[in-house]
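Next come the chains, spelled out residue by residue.
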Amino acid sequence: MLIDHPLLGPRDASEFVYLGDASLIDRPDWQADDAARAFHDYAYLRDNPAGPHRELWFHEGGDRSWLVVTRDTTTHEITDVRLARDVALERRRSS
Amino acid sequence: MRYSGFEVIKQALRGHRGWGPAWRDAAPRSEYDMVIVGGGGHGLATAHYLASRYGITNVAVIEKGWIGGGNVGRNTTIIRSNYLLDGNEPFYEMSLKLWEGLEQDINYNAMVSQRGIVNLIHTDAQRDAFTRRGNAMILNGADAELLDQGAIRREYPWLNFDDARFPIKGGLAQRRGGTVRHDAVAWGYARAADGRGVDIIQNCEVTGFVMDGGACTGVETSRGTIRAGKVGVAVAGNSGRVMAMAGMRLPIESHVLQAFVTEGLKPILPGVITFGAGHFYVSQSDKGGLVFGGDIDGYNSYAQRGNLPVVEDVCEGGMAIMPMIGRARLLRMWGGVMDMSMDGSPIIDRTHIDGLYFNGGWCYGGFKATPASGMAFAHLLATGRPHDTAAAYRFDRFRTGRMIDEKGMGNQPNLH
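Line order of the protein sequences matches chains A and B.
Residue numbering for the first sequence follows this note's numbering, starting at 416 and increasing by one per position.
Residue numbering for the second sequence follows this note's numbering, starting at -3 and increasing by one per position.
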């Protein structure tokens, strides 16, 4: 697989480390009343779709940026790659 | 028809015209006591044990494609019970005992071959860890034997003992481990269950669950609605997809695991060996091919095929311990879809929906577990209580902190 890095262009997937579903950006509020349940769901439950999947890849063998890659889990086709920082900023998860 | 040596001779004299189909091609009826979703090894084993041990025969096994077309036909056929943790070892030891009596139980030649498995040791720390694991196995009634380098040399003289980076210092052997002809497991369980009245329904895809007042009372399929008192789902690889139809999110990711087989070679490898410093395991099939595999690719996938970096990694593992494998030509390689759970251990449990039961999360250890999985799931379906050996395989273990994490990797499925 080639991941089309937004800054560096197409890079081999073996340069990257895979973390998992991009929903991991949305860490729950630790002070909320239902924090225990929310963190259980956040840490352990996954949608695990067969089809397009938004997921976090870390460019460990490169510029050490985190990417949100949209990839079809039935074909491995990558349709979108964005810097995770930009995604997190849009979702007001980062500054 | 009961299979026997006498029957083979009788049929031979009649030109082999008397063999009937091993199981009926059943059409779905509108209602059963229990419906098992998934005609793989675990689903068919569940049906067999439901019928033979619990006397429940009004059962249908429904399968999207053909039986045995999923992971039971795509694995590297290894059986063993060399686990460390209390939540796992009694279960896998029950499985190995069931393997030992399987062929007599189902009257089918599954070519169960207890040729032994050796996990190679490369460091002093690893010897300590394997000694502890061997002791845990013995405490749970399994067999384990710690071998020094000399003992390994006698059995496998051609291993790369004096490798500068990963010298082989010894091994942990389980003599009762081995291999089984995997397709025959699916066929044998199907035939045995069918013989007791279970309907094996192929080409019947589940498209939804029938819900009645918050309880599951059947399944919608491509061949119509089938009502059932209880529905058991055993579709590992596709657990996320199927349980999503019941509105459930699971502590599971689907990943692809590749396996490889070389051209047929003369007998060289009498048992199963595993590399302790990387991830590589190999055995030799009765046809002579070296059957081997390694790690999962490491990203979510339902594709049943992987990518080249893992092929390279597996081959490096092979070359590190048996350099002669470099001269063999690869005949086939393929991928299977694994339910990778959050702690590397499976789930056999009721769900929060009445009447709906789940069996999955087998990671890449599902094949060896087939008989015990079937037995434990049948026990759960028949009695409503978890089987003694599977009592730890609950959904709520992630909530209560009772994870069964053999590798100690935490909730990162691609590291288990």
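Heads up, some of the hints might be wrong.
Unchecked claim - Calculated lysine to any residue pairs in the SDA-like style (CA-CA distance at most 25 Å, straight line):
id, chain 1, residue 1, chain 2, residue 2
1, B, K403, A, A503
2, B, K403, A, H420
3, B, K403, A, F473
4, B, K93, B, K60
5, B, K93, A, Y457
6, B, K262, B, G225
7, B, K403, A, D427
8, B, K262, B, S281
9, B, K403, B, E99
10, B, K6, B, T127
11, B, K403, A, D487
12, B, K165, B, T127
13, B, K93, B, K6
14, B, K6, A, Y433
15, B, K403, A, A458
16, B, K60, A, E475
17, B, K403, A, Y433
18, B, K6, B, E99
19, B, K60, B, K165
Hints listed in this document are in silico derivations from the structure and should not be mistaken for laboratory results.
Original post:
Among all the numbered hints in the text so far, which are the ones the structure does not match?
Top reply: 1, 2, 4, 5, 6, 7, 9, 10, 11, 13, 14, 16, 19
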